[in-house]
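Colleague: Protein sequences appear in the order of chains A and B.
Just so we're aligned, residue 1 is where the first sequence starts under this note's numbering, counting upward by one.
Just so we're aligned, residue 622 is where the second sequence starts under this note's numbering, counting upward by one.
What the hints contain is simulated information worked out from the structure, not anything from laboratory work.
Where is the CB? At the ideal position from N, CA and C, for every residue including glycine.
Please note: incorrect hints may appear among the correct ones.
[To be verified] Here are the simulated lysine-lysine pairs, DSBU-like style, with alpha carbons at most 35 Å apart: (1) B:K878 <-> A:K123; (2) A:K237 <-> B:K878; (3) A:K237 <-> B:K677; (4) A:K116 <-> B:K995; (5) B:K995 <-> A:K235; (6) B:K677 <-> A:K123; (7) A:K183 <-> B:K878.
[Unchecked claim] Cβ-to-Cβ under 10 Å is the rule here; a few derived chain B residues that face chain A: (8) R645; (9) L648; (10) V871; (11) G875; (12) Q930; (13) R935; (14) L936; (15) G954; (16) T957; (17) L959.
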Amino acid sequence: MVEPILKDPSAESRLFAERAVMAGVLVLVTMLVVIARLVQLQIGSHAHLSTLSRYNHVRLEPLPPTRGLIYDANGILLADNYSSRSLELTPEEIRDLDATIAELGELIDIGEADLKRFARIRKLRRRFEAVPIRTNLTEEEVARFAVTGHRFPGVVVRAQPLRIYPLGEYTAHVLSYVGRINKQELERIDASNYAGTNHIGKGGVEKAHEALLHGTAGYRQVEVNAQGRALRVLKRKPPEAGQHLQLYLDSRLQQDAHAALGDRRGAVVAIDPGTGGVLALVSRPSFDPNLFVDGISSVDYKTLRDSPHKPLFNRAIRGQYPPGSTIKPFIGLGGLETDGGVTDAKWCPGYYRLPGHRHKYRCWNRWGHGTVTLEKAIVQSCDVYFYKLAQVMGIDRLHGFLAGFGFGTRTGIDLAGELGGLLPSRAWKLSARNQPWFIGETLLVGIGQGPFLATPLQLAVATAALAARRLIRPRVVRATGAPGSAVEREFPAQVRQLPVASRNLDRMIKSMVQVVRNRRGTAKGIRTKAYSIAGKTGTVQVFSIKQKERYRESEVAEHMRDHALFVAFAPVEDPRIAVAVIVENGGHGGAVAAPVARRVMDSYLLRMPPLAAVGEIADGQ
Amino acid sequence: MDNSALPAGSDGIPGKIRTLLPARVHLDLPLLIALLLLCGYGLLVLFSAVDQDLDKLYRQLTRLGIAFAVMIVVAQVPPLKLRHWSLPLFGIGLVLLVGVLVIGEMGKGAQRWLNLGVVRFQPSEVLKIAVPMMLAWYLAERPLPPSGSRILGTVVLTTVPVLLIARQPDLGTALLVASTGMIVLFLAGLKWRLIAVLGIGAAALVPLLWYFMRPYQQRRILSFLNPEGDPFGTGYHIIQSKIAIGSGGVHGKGWLKGTQSHLEFLPERSTDFVFAILGEEFGLIGILVMLVIYLFIIVRGLYIATQAQDTYGRLLSGGLTLIFFVYLFVNAGMVTGLLPVVGIPLPLVSYGGTSLVTIMAGFGILMSIHTHRKLLPS
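So that you can see chain A by itself, here it is in the shape it has in the complex (with noise of 0.2 Å):
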């Protein structure tokens, strides 16, 4: 470093230090400003500020908003608030609280299970905040605490709204549940809108649309006493309650679906292919949401999440499965798309050799079909025509088709936690497995099985745009306010064209009618007179079982078992419901998840007019 000649050092030296003691005094004096106005503060005005601080607090009190409720399509409530008195107690204010506890035992009954309760919400609650040990209390209750209430500084009872779902675990996959607001969910939240509201959504709608059901804290700034009692109210901003909704699902249809599924595991999903609106979301086993809402026990908690049939697992978003036969009509209309003759006729001799390998790929037939045109393919489910054109078709084409049907993604439904399944391709096998693409994997492909993975969701979407004619995003939600009164905000349908020419889409699903109208048709067994349907089997292999279950016998063999799938829509002309279903387990497609479908078009088209409707018009006239 070259230093300029003109410098001196020295004097730049005094220059700097004179400075830096400046610097210092300066220092010193605001200080003493500081702890001068500290002094002002803390020794001056002390007197006055302790007051204010003990005996006439200005207290912020949280006015919680009401939570919207949810609505069916036909205006039926699916969710609902109703006013729980609880006794709560805040530890802070309590000197003996072993002691109190068993003084307010004598006065209203408090339960073991209330007890374990108390104690794990206290451990996650936040400072100085109310902890209920009683809910639900009887009027009796009530009155016999408000007689004697006074004797107990730092107990209450609160009127706080609890949220009730009237349909249960018909609604428990949909809607899911509020429960209380957990430590993950307090550091996400903000801390002050939900200053006085002990709930939230933990999953389906109620988690989805959070935000809007919610609402938007008021405050109250109140004058309290040394007892914390209100003295006056200063200054009031109400709270802006939360947005009613109403959904695109028909309770009825629901129930009809989760009734004709019965006690199997498995999914339905039904959707209007018009809106994309979900008519019916099913996941059976299902539970009872009203459990969840005042917290859970323990007990009922281990035995829903330990139960070998996942009553908790939603399986029409989160359950991924081979997609099987019912892949095939959109793996036949890719082909269609494809120049080159790929859909000419093909010989079925019941199996399937890539040349130069002596692997069989079997066809479900083991005695073949002979010569399959793709109609014949589609009807009656050939496996080895879906071989042949998967591998002419390749990889890369099939995953780009697929992929604009939706698989592979998530379908971007307004409920939390849905999966996007799997779409295998070049890439997912490089980065996953870290393997090159086996022409073999493309054939498992063509007829749905291997790595592929949908969920019944993403099946009925890819049906509905079948019907459609355009992909559309599912909803939940139609709109918002309650039924009756003005809609306050629709949400619009999002829709995206599909990589296929209509002359194909109607090859494609005259195909699938005759797989229900044909006699040898996989699904000939809900042939009706009454309504179109076109519609495909699946019937999947369960490969995987896992070691520890061979020892019990029976469940094995169940396990073992193939999954029952299907897919259809109807009426063919005027398509008006898109439905999958899925059956664990179930066996053959068309024989068990087809008329599981049956009953769900019938129950939504051929049913009378629901019995509000029939109301209204009569008053109308």
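For this one, chain A is given, so just place chain B on it according to the hints.
Modeller: Relative to the frame of chain A, chain B by itself:
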């Protein structure tokens, strides 16, 4: 480690023994002890402020660990290297600031964060170090006191990042960086007459600043001027924090026993308003103890500055020390109602990590400047 930068035999240790010792660790013990005391005391207050949430306390402890590690590493870098890095660091800082405006991620309604995949950080923090380094380098190039063109250059070098930060908008940091310029100029020996001129000029800029402010910032100023006129909004913060401090009295209400703060009267009590908890629970005595530690750190910093061997080292260490003081003063002033509410944390005590690392890096620089001196026979 660059061995040539070691003060050869400067410790008065005979050469033979010296070779047996590991390479000297460059640390300033008085400063280190004071910083540890301050952070320890701060953690105690913070434990109450975060409602005894151990998770948060551990997180803060981790941040402190990282910050001290950064300080120790920086202290080992010879000042000559720091000097070479002044210009590039300033340049990088400006690029990042522009970057944050273009692709910055929204955080709390203001574009302050830059996501670099692995880490998310506020580029404005870089400028808190880079601006004093740059100005010290720029002013040390020519003899002091600075000429007119150098003063103008300094003002420009300060204003550009200040405007970029104000655009985010982050008024607090912008003001801090702006004060850096003034502090370094003051230390460089700017004539009193010119200080007066600049002061008047800055005052004239206030209306312009008002124009730059977002509505919420304007509200803060207004509620500072008349807190009782807005007891529900930001004025509420000031009133509640004054009540908290005042009700603490001389002895305080006792650790973890502050009602004002725990009854949720006091907002932001673990971050910007942690000083109020100190006042409420530890009283005037508790505050004075903390102020004494602060004062010791600042005096030590100024002492280091006067002992520095070149103009760059003097301006930089003096500048960094005084900025640390400005931090303290602005926060204490805000919480006690002497100054308007600007979101500036209490240095080394408030919950949060970004400014922690910057401040400790600054002390690392001070230690480096002090411990890399080549002592000449007097």
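Colleague: Quickly compare the C-alpha distance for K237 of chain A and K878 of chain B to 35 Å and report which way the hint goes.
Modeller: 30 Å, holds
Colleague: Hint G875 of chain B vs chain A: min CB-CB distance below 10 Å?
Modeller: 14 Å, violated
Colleague: Would you check whether L648 of chain B satisfies its interface hint, that is, whether its CB is within less than 10 Å of any CB in chain A?
Modeller: The hint is violated - L648 of chain B has no Cβ within 10 Å of chain A, the shortest such distance being about 22 Å.
Colleague: Can the hint on R935 of chain B be confirmed by a CB-to-CB distance to chain A that is less than 10 Å?
Modeller: 5 Å, holds
Colleague: Run the distance test for K677 of chain B versus K123 of chain A: straight-line Cα separation, threshold 35 Å.
Modeller: Judged against 35 Å, a Cα distance of about 15 Å means the pair holds.
Colleague: Has the given pair, K116 of chain A with K995 of chain B, been kept, meaning a C-alpha gap of at most 35 Å?
Modeller: 68 Å, violated
Colleague: If you draw a straight line from the CA of K995 of chain B to the CA of K235 of chain A, is it 35 Å or shorter?
Modeller: Measuring from Cα to Cα gives roughly 67 Å; hence the hint is violated.
Colleague: Minimum Cβ distance from G954 of chain B to chain A below 10 Å?
Modeller: This hint holds: G954 of chain B lies near chain A, its Cβ roughly 7 Å from the closest one there, short of 10 Å.
Colleague: Classify the hint on Q930 of chain B as holds or violated, based on whether any CB of chain A lies nearer than 10 Å to its CB.
Modeller: 9 Å, holds
Colleague: Hey, K878 of chain B versus K123 of chain A, does the alpha-carbon distance stay inside 35 Å?
Modeller: 19 Å, holds
Colleague: Going straight from one Cα to the other, do K183 of chain A and K878 of chain B come out at no more than 35 Å?
Modeller: The given pair, whose Cα atoms are some 24 Å apart, holds under the 35 Å limit.
Colleague: Can L959 of chain B be said to touch chain A, with a Cβ gap under 10 Å?
Modeller: 6 Å, holds
In summary, the structure is inconsistent with hints 4, 5, 8, 9 and 11 from the numbered list given earlier, while agreeing with the others.
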